[in-house]
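Read top to bottom, the protein sequences are chains A and B.
Counting from 1, one number per residue, gives the positions in the first sequence under this note's numbering.
Counting from 382, one number per residue, gives the positions in the second sequence under this note's numbering.
Hints may contain errors.
Under the rule of at most 20 angstroms between Cα atoms (straight-line distance), these lysine to any residue pairs were calculated in the SDA-like manner [claimed, not checked]:
#1 B/K749 - A/P341
#2 B/K749 - A/L340
#3 B/K750 - A/T292
#4 B/K719 - B/R696
#5 A/K232 - B/N680
#6 B/K521 - B/G560
#7 B/K750 - A/F343
#8 B/K459 - B/D480
#9 A/K232 - B/P704
#10 B/K753 - A/A295
#11 B/K753 - A/P346
#12 B/K655 - A/F343
#13 B/K753 - A/T292
#14 B/K595 - A/T292
#15 B/K749 - A/F343
#16 A/K181 - A/I197
#17 B/K753 - A/L340
#18 B/K753 - A/F343
#19 B/K655 - A/P341
#20 B/K753 - A/P341
#21 B/K750 - A/L340
#22 A/K232 - A/L91
#23 A/K141 - A/G176
#24 B/K753 - A/A336
#25 B/K595 - A/T309
#26 B/K655 - A/L340
#27 B/K595 - A/H291
#28 B/K595 - B/K749
The hints are simulated quantities; they were obtained by calculation from the structure and are not laboratory data.
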Amino acid sequence: MDAFFTSVEQLDNLQLRGKPVFVGGTGPRGVVAAASYEARKFGCHSAMPSAVAKRLCPQAIFVRGRFDRYRELSDRVFAIFDDFTPLVQPLSIDEAFLDVTGSQPLLGPAVEIAERIRARILAETGLTASVGVAPNKFLAKLASDMDKPDGLTIITPDRVQEILDPLPIGRMWGIGPAAEKRLHKLGLRTFAQLREIDPIALRSSLGSWGERASRLARGEDDRPVVCDREAKSVGHETTFHADLNDADDVRAVLLQLTEDTARRLRRKGRSARSVTCKIRFGDYETITRSHTLDAPTNTTSGLWEAARTIFDTWAALSFRPVRLIGVSTSGLLDHADPQLPLFGDPDAARQTAIDTASDAINARFGKGAVRRARTLKDRPT
Amino acid sequence: MKVVCDRASLLEAINLVSGVVATRTPRPQLTCVKLTAAKEGKGGTLTLTATDAEISLRLRVDNVDVEQPGETLIPADKLRQIISAEDNEPTLTLEASGDTVDIRGEDAHFKVYGHPPEEFPAVAEFKAAVSGSGGNPPAKAVFKHPAKSLSEVIARTIFATARENTRYAINGVLLSRDGKKLEMVATDGRRLALCRATLTEKDGPSVKCIIPTKALTLLQRLLGSAQGDVDIAITDNQIFFNISQGESGADESAVLASNLVEGAFPPYEDVIPKDNDKMVHVDRDVLFSAVRRAALLTNEESRGVRLSFTGQDNRLDLSSRAPEMGEANIQVDLTDYKGEDVSIGFNPGFITDALKVISDPDVIIELKKENKPGLIRSGDDFVYVVMPVTLQ
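Just chain A, with the same shape it has in the complex (with noise of 0.2 angstroms):
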């Protein structure tokens, strides 16, 4: 999907569009999530501080980020994908690998598949997207970044040395800045140079890694697209503007992302088996603590329990003012607990009733129209 958060909202809102607009946090610490193509031209992307992005495009709006609706929108654009083959490899919340090797005698070639794709895609949301045809996973998700927005790139195996020999080395799968400095220290900036070196001198000098770096600069990738669409944890974290001295004020916080990612949990239908927190201080270092579950549960008042357990027999021994706190669960479980209970929990079917109707509730007015006291600013002691 093209710059997907800020697309959608201005998709959502008339105002922002064909402006430059921020998906993103505003505070001190604020990171940019999505910049519009509008922002971008003025040398924004995601991942800066707020701060410089504001420096370089002072008129650009910042709008807060709904995931809800950007994880309702992208439910449908991975729907569309299931119309034409079942082999869908997701890579975040807009990105996907599309296997169509066995849909083309049904559905015609890929080209075509990937020109249906496009057209439904904005026919059913109002979005763009842009797409790579390629005979592998690498050379595809090249080819889907070449035109962007809203453009769609073929990368047939005979002009696959052409389109990879100019290219920056930086653009080759799994190299990171330190990786490509290290390249640049033996001389090699391009593709062209990786393929003309022999293998077995890039692995000596490079470790096996050498060797899959060499065989990528020759466009060759057999990693298979592996459809694993059942999300292996389901969590929530977030930054404060300001690193949280009060382990009251983290706990409420915790509950918040507590009941969010609950909400996620009974909205997938699935349960959880083990809950962590993370904790992250001033200075970097973070911490995760998990605790097991007894038995599977996706109800808020279960996953918190867990979560207020962890929190707190942390901070009761050990306590600093922390900077990121998050929860997620893990161990999902699409089904109920196949193993019944000895004791009967007399108060698990009001839990159950309390979440079905928040739910509810916020489904209609908003998230956060109804939620825990203690979540609360002003809050209650």
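Following the hints, put chain B in place on chain A, whose structure we already have.
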């Protein structure tokens, strides 16, 4: 303090007390072990004390050459590593001066920095717990029980405790004493193990308390080869175990104390079924093997093994099925199945857990229907209740 000590005895003792030492704590003193050397008659003793503020253990090593009595506080982890690594030395010399401890072997010298011993929290002695001291009232109940039997009762229940349930009360084992009856109960909310023993003393107050699993695990290790009786004292918020070497009950050679778990134990008597109308005797080893084999074709998603009892054929069929993996079927011939046919799913681990701690080859299974608790009995003293899993 200066002592010369047999390395093997010291290693055994430090390994035991290391189980108590706190790991995550802001108080470095709690990561230490306190060493106390005393002259007693002709010989001397070295007592190792450790606590994590919930549980404390005091362990005495006898036949120590005490050149100078005294005490010191030293990081348990380092002490254990040194004693363990000095495996060519028959004896080690420990000498404390100030807050440092010198440990010497034939060819080695370690200097380890410790803490002032008076910074270590006070750990109550058994006798003091019985009679009450320092503002604490005397123990509510004091009784003794043979180490071997106590160890068996613990082994037959402790496995069923919850590991880290937020309902704290079931993260421990319920101990109750009523007249001559000693009973322990453990549950994780899905199965429950109950084991009884008979006390030699019949008089004494009735008492119920919940003991943390960690304390009982440590106690099991201490009981290991112990003969004779264990003295037990229960106060309002603590339990004390005194394990003597030899016969003398007053000898405090190992004392384990633990805070009790607060909270109410679930109403376990209500969930022990009394009207299970299907009953069968099975051989422990035959059932164990059958369940274990059937469990081979289960996975995280489908954890259940189905047990189908048929009266006409007097047969038990165990089956399992894991999606994308396969199926298993095991047949067991029965001799005396009584009742209508029934088919019920169980977590196989829950069944084998219980069979592992049953010593009698004759096991009784009692069932009612597929969504009601199953019962496993052995003799008069072991009862195990296990809830089924629903199978598709």
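query: Which of the stated hints cannot be reconciled with the structure, identified by number in ascending sequence?
result: The structure conflicts with hints 3, 13 and 28, although it agrees with all the remaining ones.
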